[in-house]
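Participant: Taken in order, these protein sequences are the chains called H and F.
FYI, in our numbering the residues of the first sequence are 15 to 285.
FYI, in our numbering the residues of the second sequence are 2 to 783.
Simulated from the structure, these hints should not be mistaken for laboratory data.
Any given hint could turn out to be false.
Said to hold, decoys possible - Derived lysine-lysine pairs resembling DSS-like cross-links, with alpha carbons at most 25 Å apart:
| hint | chain 1 | residue 1 | chain 2 | residue 2 |
| --- | --- | --- | --- | --- |
| 1 | H | Lys204 | F | Lys771 |
| 2 | F | Lys164 | H | Lys131 |
| 3 | H | Lys204 | H | Lys98 |
| 4 | F | Lys709 | F | Lys757 |
| 5 | F | Lys211 | H | Lys37 |
| 6 | H | Lys255 | F | Lys746 |
| 7 | H | Lys186 | H | Lys227 |
| 8 | H | Lys131 | H | Lys47 |
| 9 | H | Lys151 | H | Lys187 |
| 10 | H | Lys131 | F | Lys771 |
| 11 | F | Lys451 | H | Lys131 |
| 12 | F | Lys725 | H | Lys255 |
| 13 | H | Lys180 | H | Lys162 |
| 14 | F | Lys287 | H | Lys47 |
| 15 | H | Lys131 | F | Lys757 |
| 16 | H | Lys274 | H | Lys192 |
| 17 | F | Lys611 | H | Lys255 |
| 18 | F | Lys329 | H | Lys255 |
| 19 | F | Lys359 | H | Lys47 |
What the hints assert, rightly or not - Listing some non-contacts, in silico: residues in chain F with all C-beta distances to chain H over 10 Å:
| hint | residue |
| --- | --- |
| 20 | Lys18 |
| 21 | Lys26 |
| 22 | Ser320 |
| 23 | Lys431 |
| 24 | Asn726 |
Claimed, not checked - Which bits of chain F does chain H cover? Going by a derived footprint, with three or more residues having C-beta under 8 Å, they are:
| hint | stretch |
| --- | --- |
| 25 | 356 to 370 |
| 26 | 458 to 468 |
| 27 | 566 to 579 |
| 28 | 630 to 640 |
| 29 | 687 to 696 |
Cβ coordinates follow ideal geometry from the N, Cα and C atoms, glycine included.
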Amino acid sequence: MPKTPNIAVIYFPGNNCEEESLKAVLATGMDGKIVRWNERRGIEKYDGFIIPGGWGYEDRIRAGVIMAKDPVFDIIKKEAENGKLVLGVCNGAQALVECGMIPGLKNKVEMALAPNKNPLISGYYCTWIYVKSTEEKNRCAFTKFTEKDEVIPMPIAHGEGRYVTKDKELLKKLIKNKQIIFRYSPKDGKIEENFPTNPNGAMYNIAAICSKKGNVMAIMPHPERASFIRQLPDSVELKNKFIGNIRAMEDPAPAMRVFKSMKSYIEEEIL
Amino acid sequence: MGGVEVDLVDIKVMSDKALKEFLRKNAISLTVYEARKVVELIGRNPTITELYIFNTQWSEHSSYKSSRSVLKALLPTEAPNVILGPVEDSGIVELGYINGERYGIVVSHESHNHPSQVVPYEGAATGVGGIIRDVLCMGAKVIATADPLRFGNPFGKNKNKVKYIANEVINGIAGYGDAVGIPNICGDVYFNDSFDENCLVNVVCLGIVKEKDIIHSYAPKNAEGYDIVIVGKATDNSGFGGAAFASLILDEKDRESNRGAVQVPDPFLKNVLIRASYAVFEEARKKGIVLGFKDMGAGGIMCSTSELCSDGDYGADISLDKVNASMKDLPPYIIACSETQERFTWISPPEFTKTILKIYNEDFELPQISLGAGAFVIGKVAKSQDYILRHNGRIVCNAPIKVVTQGIKYESQKKTPKRKFKEPNLKEPKDYNGVLLEILKHPNVASKAKAYKHYDTSVMGNAIIESGYADAGVMKAVNGSSFGVALKTDCNPRYCRIDPYWGAVNAVAESMRNVAAVGAIPSAITDCLNYGNPEKPEAFYDFYEGVRGIADAAKHIYLKGTAYPVPVISGNVSFYNESASGKAIDPSPIIACIGVLKDYSKAITMKIKKEGTTLFLVGGRKEELGGSVYYDINNEIGAVVPIIDFEKERNMIYAIIDAINAGLLLSCHDISDGGLATTISEMILGGDAGGEIGAEINLDFTNLRADKAIFSETSGFVFEVEDKNIQRLNDLFRFYKLNLIKLGKTTREKNLVVNKQNKKLINLPISRLKEEWTKGFVEALE
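Required output: the full structure, derived from the provided sequences and hints.
Facilitator: What follows is the structure, given as structure tokens:
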């Protein structure tokens with residue numbers, strides 16, 4: 015019998031999205047477990063890792079910095095080099111950038127997730143947005159079921175989600191390398207770079223970046239909070255269609271494809 | 002009487018004058034009478050530690066000394082769905098049975114008004130922190146919070162201070178709730194002058210627990226010799242005197258000296274503590290161990306440990322030297338009574354204590370996460386009914402434990418105040434468009450997105466309807482089941498200013514309507530009673546009338562399917578909400594209503610869903626504009642507030658619940674602040690203000706002058722129905738003896754049109770509605 019992909023959702027002290035992340039993983043048919051930061055012994059046995067959102071180590075100094083220095087990250091980094099999957103969501107995305115795994119071109123920190131620029135609310139901002147898939151499917155391990163130009167609803171919930179860099183060439187390189195996987199977009203897919211389409215002022219409306227190899231992704235919006243129909247707001251027609259249909263409410267919503275893609279990739283490329 | 006080994010305060014020899022001076026010098030708020038009462042009750046002069054203990058325990062905040070008898074006499078707290086009434090840290094109401102097991106919704110509702118006025122960020126944040134502990138300590142999984150807020154006039158003479166406090170309170174709620182990771186699912190915000198010097202910050206928290214897994218806030222049976230274990234942040238001097246402070250009237254010039262009474266929040270540590278506590282719950286359930294567990298809130302270690310033991314009919318013997326203090330040489334009364342945040346107390350059999358210590362100290366590494374934090378055994382549950390505290394090896398407190406915990410009681414006087422309200426004589430407006438836009442822009446009506454989008458509304462992934470999208474927030478309750486929980490808070494302060502009784506009735510009715518408007522059955526309410534100084538008979542009258550109003554509404558709008566009242570399962574009293582000049586806030590009995598949905602997939606929002614559907618109204622319009630927004634924009638308050646006809650209200654609520662659960666409604670919104678025109682405008686816009694379907698309605702159903710018809714806040718609902726469902730809806734409303742009023746249609750044209758006798762009174766594009774509705778609250782905070 016083929017092995018079932020097995021995912022570790024790492025809880026660093028202060029993270030708070032570990033449960034819903036695990037739920038999304040399990041709903042795809044993968045196995046998974048919430049693993050505490052200090053239970054790192056033996057985590058090499060997992061096929062993939064999710065670094066969930068929250069406030070790991072209280073976001074001391076800067077969001078994600080201390081998490082990136084935790085010994086568990088040395089193991090995750092090594093496993094990623096061996097081709098295993100790493101998905102960092104929100105605070106997890108910040109940590110992947112802070113440890114240099116994303117974008118991962120120079121083996122050092124190349125970008126930052128700066129405080130949001132938002133005319134309505136300064137600081138933490140939680141709302142529903144849309145992201146547009148920028149590259150062909152199969153470009154990375156997280157979009158095998160997402161067509162290029164497809165628009166997907168997800169919530170954001172962060173205070174520091176603005177992708178920035180001092181390296182003037184970096185954006186060009188990321189575009190050339192096809193590493194920008196999701197961009198903030200209106201529902202109709204016609205991207206404009208201002209608020210509210212771009213909720214945090216990120217350069218080039220970047221919502222998610224993958225590694226060059228495509229096995230690591232840092233995404234600021236929360237796919238695990240948009241993976242079931244029931245989680246969607248009434249501004250997404252799909253939800254309204256299923257009012258009163260309890261079974262459909264537990265069916266996958268578009269963002270679930272991120273996790274389904276992980277499963278398929280692990281089955282085909284790792285196991 | 003129990004002996005002590007330190008000096009006594011010789012109260013017996015002091016004259017009243019000397020005693021008063023002594024109390025003042027030592028920042029003890031007890032009256033001379035109360036200090037002498039201490040001597041009488043413990044049979045000797047007290048130690049200074051004992052005096053501080055009674056200072057805390059006999060504060061209004063802890064003892065409910067003025068309110069207890071009124072609450073007990075009036076509020077209905079029993080119904081078949083009550084699992085735990087208002088006796089422990091939280092109340093518990095039935096969610097339902099899942100796989101043969103009974104589940105409960107744990108609810109707590111409190112105020113953090115005074116701390117928020119003095120240090121708004123920390124005050125609001127620790128309010129959220131405290132309410133989460135109250136729910137967690139029942140053994141529950143914490144699932145949601147809510148925040149009803151009342152601020153001063155953002156455009157009045159104190160506007161700068163008001164805006165500062167409002168913004169900082171919102172930041173504090175966000176800063177704590179976002180980090181700890183509990184979604185904020187609803188709330189409400191009102192502004193008016195009466196809150197200029199005394200804001201209200203109420204907090205509500207929900208949890209879920211299986212009935213058999215409830216952990217009580219008392220030492221279990223046969224607990225003699227059990228360990229008393231404290232866990233959490235290292236104890237410091239923060240919040241010393243907090244409970245007593247909550248019972249003072251705020252004076253701006255004391256602001257600096259009051260700051261020390263405010264606690265310091267640490268949501269990061271709390272995040273870890275919550276998860277570690279879940280792990281303890283799981284181990285204890287696996288091993289079948291019965292524990293006691295209690296939040297450390299007002300009165301700190303002393304209050305938590307004494308109540309845990311006293312409520313199990315035990316005493317306690319505690320060594321304060323074993324407390325993990327983060328400051329050196331703290332006097333015993335500070336260790337015992339400081340309100341350092343993020344702490345709990347466990348009562349545990351010795352064989353299980355090591356599991357508790359391992360989970361907190363090793364598995365979750367509390368000592369590494371926060372300096373000095375951890376779990377520590379500080380004493381034992383004792384058979385003798387004495388409360389003993391030791392410090393430096395000497396007994397510093399030794400008092401009968403029931404005396405420590407039973408509090409003190411007063412019978413306050415009430416007197417009907419002389420208040421004169423009269424109805425204004427307003428001319429019918431010529432520019433209805435302008436009036437509606439002004440109402441939509443009013444900060445009490447306008448979209449509160451600037452507040453709730455600062456809160457995490459989707460964390461945990463179980464939100465079905467997030468803040469702002471509907472009249473109530475809705476959560477999926479339990480994994481693998483279809484149950485949903487709805488929650489909403491309400492209370493219109495201007496109604497209560499005019500009439501404290503009908504204001505309270507309206508608060509209850511509106512909270513129930515809001516929960517019904519998503520399809521949930523109002524199953525319990527909680528009340529946070531925010532009033533002025535109870536020593537003033539007029540203020541106490543307002544309080545009494547408020548409680549009477551809550552009780553009448555709860556008793557007459559029965560729990561659906563029974564003849565029982567909708568039970569009051571938790572609450573809090575906050576007195577002394579007045580400014581230094583003696584001006585009390587508007588009476589504010591803030592109600593939270595908890596609704597149950599058997600099938601959360603049926604829950605609907607307020608946004609209009611389809612073109613060409615029909616909009617109906619239930620609840621005819623009456624001339625009840627007292628306290629309305631319409632009067633407010635005309636600088637009037639009026640006299641006639643909405644009067645609730647209980648039988649009709651009950652039938653409306655039931656009919657709406659039945660209609661939604663039968664799938665007959667596409668959207669639904671109750672009528673409240675701003676009246677009918679506002680209700681329809683908000684249905685067009687929807688919570689995200691992204692609505693694109695218009696509506697055209699006709700006022701020929703009423704003989705009222707048009708402005709009174711569309712701006713009166715008489716209770717009712719507006720809802721959207723497809724043609725194919727109209728017949729069934731008619732039958733349903735006939736069953737409930739209700740008149741179904743056809744208002745008009747939803748339209749492809751992106752406008753709101755209101756006609757009367759073929760004359761267009763209102764004709765506004767959706768873009769204009771949106772502009773004003775999304776602007777008002779933002780401007781109030783800027």
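Participant: Tell me the hint numbers this structure goes against, listed in increasing order.
Facilitator: Numbers 3, 8, 13, 15, 18, 27, 28 - these are the hints that the structure violates, sorted from lowest upward.
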